[in-house]
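Undergrad: Residues per chain, in single letters:
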Amino acid sequence: MAKTTTITFLLAGLLAFSAHAIAQQQTKPSEHDHHDHSGHDMSQKNTTPTDHSHDHDGHTMDHSGDHDLSAEHPIDHSAHTASTQSAEHGDAHHHHHMDHDHIMDHEGTMIMGQNLDKLPSSCKSISEEVEITVRAGRKYAAKFPGTAFAFDQQQWHVKPCSKVTWHFINEDNIRHQFMMHGLPKYLYKYGMFHLEVTGPKTVSGTIIVPGSDDTFLVHCDISHHMEKGMKAQLVVGKGAENIPSIPGVTPYNINDTYEAENLPKISDKAEQSAMVRQITAFTNNNFQNYGMMLIGFLIGLLCIPLFKKIPLRKKDG
Amino acid sequence: MPIHIFIALLTFFMLMSASIAQATLKLPETVKVDPAALTAEPMCDPKISPAWREAQEIDGVKIDASPGCSPDNPAWIAAAVKGTNNISMDTLMKTGLSPDAIIKTDDLDGDGDPDRIIIKLEIMELNGKSPDFPGLVPTFDIAPGIQPGAWVFAPKTSGMSTENFESVRANPLLRLPSPVIRVEVGDIVQIVLENTHYFPHSIHLHGVDHPFSHGEHGGQDGVPQTSEVELMPGERRIYQFQARQPGTMFYHCHVQTHTHLAMGLAGMIVIEENKPKNWLQTLNIGAGHVRHSSVAVREQFDQEYDLHYHAMDKELSSIIQKHNDPRLIARDMNQRYDITDSTEDYFTLNGLSFPYTLRESLIIVELDQKIKLRLLNSGGELIAVHTHGHHATITHYDGVEHNPVAQIMRDVFDIAPAQRIDLKLETVNDGKHSYGEGDWLIHDHREKGITTNGMAEGGSMSSIVYTSYLGEHGMPKVSHFGIELNKYFTKEYYERRLPVWQDLDAWASLGSPAGDIGVDAATQTSLLNALYGLLAGLLIYLIFAKREQIKQCAVAAVSRLKSPKGSNQ
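Protein chains in written order, with the working numbering: chain A, 1 to 317; chain B, 318 to 886.
These are calculated hints, taken from the structure and not from any lab test. Be aware that one or more of the hints could be misleading.
What the hints assert, rightly or not - In silico DSSO-like cross-links for lysine-lysine, where the CA-CA straight-line distance does not exceed 27 Å: (1) B:Lys639 with A:Lys143; (2) B:Lys364 with A:Lys185; (3) A:Lys189 with B:Lys364; (4) A:Lys308 with B:Lys879.
What the hints assert, rightly or not - Over 12 Å on every C-beta distance to chain A, these chain B residues come out as not near it, computed from the model: (5) Leu355; (6) Gly503; (7) Val509; (8) Pro541; (9) Met549; (10) Ala613; (11) Glu698; (12) Ala773; (13) Thr784; (14) Tyr811; (15) Cys870.
Claimed, not checked - Just so you have them, the derived chain B footprint on chain A, three or more residues with Cβ under 8 Å: (16) 146 to 159; (17) 291 to 303.
By construction, the Cβ of each residue, glycine as well, lies at the ideal position given by its N, Cα and C atoms.
Next comes chain A alone, as it looks inside the complex (with noise of 0.2 Å):
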């Protein structure tokens, strides 16, 4: 019974993601239509047609990397899809926003930010193309002790002038961000580039990163996320000053202190059985105090010669 229910939502699931990518597969204006008819107040931009030439091909763009994310990772969307459908009431209600760097979809899939074609003043040209998928979650911070989430990868190379395009897969059940901060104001609002999602779901968007050699944090906003792990950095060709508090990378600015604890050990348990723990005691009482003895001893024989001298000295005097 169980696996038939879960079966039909995956179907469910599935229909409803097919359903999506084929509304995304339409033309442009069948987009408007779609958005038009949620009620919501578009932009100035997206409705007027002259505008809308004018932006027509970052749009164009717009929506397949809106596809992009959810074609790539069907199985993850599905899931996603089918987990929401069978836990939570279903949202109809689908809710895009978008202007030139902010697009954001109702579930609060964000990209900003996002840079397909201006090439920074430094760039002639792009140097490469590069996709870079990053994980994110809780489980990540396992092999850093003392963090609570993580990326899997605390920092990533690539060449001056190299359009990447990040992959950005949100492993937890809660919102995650991939922000970067300090790319080239003139391109980026505010300098950063922002990807977020509530997992478990992936999001993609595209950057164009400068020609000279830089390093641009990378980190998860939401409170104490970084603090307690979430932090990368990704380093442009051979790269600048290090980002601190990176896990496994880069130290702490500030460190806690730590101190060793009374824990209970299992060699404490061995003794529980009180005769046992009596002789022990016995034992290592004797052994150090003979011990202890022994070593007066030695110290006592060494000393002999030195105690005749000082008397006799005085007696010559």
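Mind docking chain B on chain A? Use the hints.
TA: Only chain B this time, still in chain A's reference frame:
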């Protein structure tokens, strides 16, 4: 030789007696703290748009006026009433909420309001330690300069936890107290807890009609010893219920409750009567004034306020500021902190202490109004809330209506830990319900309740203010009585560095006296230095005067060493 030492001592005593003689002649001067030396904050934060205070309509949601200094963001209210799935993208972007934070669908009983409600909550840390810099992050001040470490249930947000990348101040959605939740009797409610925190947590729905266990979602009571395992970081759990009874209730984390509740994982949850077209303000972020009350409340009252009283122990809240490693925090909280030896230091009303309570927890009234007050005490001790100038009627205890015939009026309301009472405040100037217009204090009458870490005036104190006593920017008008509240809006006041009464008269008769022996620290050190110089000079003179003797001694010593054993005589 002794003569010289004697001279030295004599000089020292002469110096000492000279300074003491001067002190006895006249007591130390009063040192008045210059207001320019204080970190003064504006009484009302100028960042808040005055337009937020006005009555308005957003996406068809009618929002009452809220004339206080810091009213709720009206976009929050619109989103809470319609659901983040039903508001315009423009409004949603003004809230900072995740698009799936509040999902409202399906009018199951056909009475013109949604009956399937999904509320997504995350758990956020405030004022915790950073391994990168010596400060705290993200910061939330309960009073000027007071930043206790805290955890809160927060509505699911989108984007950063701070105001922006440059700031360490928390996003306004991340704040004390945990938000007030409002749902209707009969609603199928899902509270989805997404544990974004680094510790295990849960939700216990205290007083809310909820099943002990749900077929699909498992245990629902939030108790790791009876109904479910702890919800680990990165995990999600759904608490589903369909309440049959209305009332003011309570929700809180039930994992290591003795610490997690005091850390701030506690909020008010109100089950409203089922009425037609009852679009409720599902979340009242920061509690306080309800600007879109339920149909039932609007039928009987002119206004409604949620008043959440809480208390925190400095020792407990500072643990997350001492360590960054979750293992050390867990050790200190679970194994080392002893609540039986604890004392509460911070007393808050709706997450803030006086004077910040004046910004957003004033009860702003007019004559002949009926106001519903819902009070929750999530502190560890009984509180005794006193309403100056008013007797109010207790209508409900713990969400259950008190027999109307037996309902009593009081001016001190004792509220046990976790208890809720509903009050009917009537501003009828008859000498019993109200003594007339004014700026009437409402405060916890355990006197420590009006302090912040023992420093008065602070704590959960606020006011019932008649609009005729409401001044500029929605702050109480007190200057016509010659009252200055500015000193409370400085962190130096709560650092205990500002004499409380120094400005009561022109010559600061109760200001701070200068150093205790008429000599300030700097003069003292220079006097001591002079003394050391004198002693050193004496020593040199001594060596000079007795140089012949010293030379002889040295020669004798050397020869003694050189000569063979025993022949030194």
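Undergrad: Now look at each hint and say whether the structure bears it out.
TA: Going through the hints against the structure:
The suggested pairing of Lys639 (chain B) with Lys143 (chain A) holds, with an alpha-carbon distance near 24 Å, which does not exceed 27 Å. This hinted pair checks out: Lys364 (chain B) and Lys185 (chain A) have alpha carbons roughly 25 Å apart, not beyond 27 Å. For the given pair, Lys189 (chain A) sits about 23 Å from Lys364 (chain B) by alpha-carbon distance, which is consistent with the 27 Å threshold. With a CA separation close to 24 Å, the supplied pair Lys308 (chain A) and Lys879 (chain B) stays within the 27 Å bound.
Residue-level check passed: Leu355 (chain B) sits 29 Å from the nearest beta carbon of chain A, beyond 12 Å. The Cβ of Gly503 (chain B) lies farther than 12 Å from every Cβ of chain A, with a closest approach of about 15 Å, so its non-interface assignment holds. In this structure Val509 (chain B) is not separated from chain A by more than 12 Å, as the shortest Cβ-Cβ distance comes to only about 7 Å. At the 12 Å boundary, the C-beta of Pro541 (chain B) stays outside the reach of chain A, the nearest C-beta of that chain being 18 Å off.
Remark: the non-interface label on Met549 (chain B) conflicts with the geometry, its nearest Cβ contact in chain A lying 7 Å away (cut-off 12 Å). Annotated as non-interface, Ala613 (chain B) keeps its C-beta farther than 12 Å from every C-beta of chain A; the closest such distance is 25 Å. The non-interface label for Glu698 (chain B) is consistent with chain A: the shortest C-beta to C-beta separation is roughly 29 Å, beyond 12 Å. Its beta-carbon lying about 32 Å from the closest one in chain A, Ala773 (chain B) satisfies the requirement of being farther than 12 Å from that chain.
The Cβ of Thr784 (chain B) sits about 36 Å from the closest Cβ of chain A, beyond the 12 Å cut-off, so the non-interface label holds. The beta carbon of Tyr811 (chain B) sits about 25 Å from the closest Cβ of chain A, which is more than 12 Å, so the claim that it is off the interface holds. At roughly 20 Å, the least C-beta separation between Cys870 (chain B) and chain A is larger than 12 Å, which holds for a residue marked as non-interface. Counting residues of the region 146 to 159 of chain A whose C-beta lies closer than 8 Å to any C-beta of chain B gives 4; at least three are required, and the coverage claim holds.
Beta-carbon proximity to chain B at under 8 Å applies to 0 residues in the region 291 to 303 of chain A; the threshold of 3 is not reached and the given coverage is violated.
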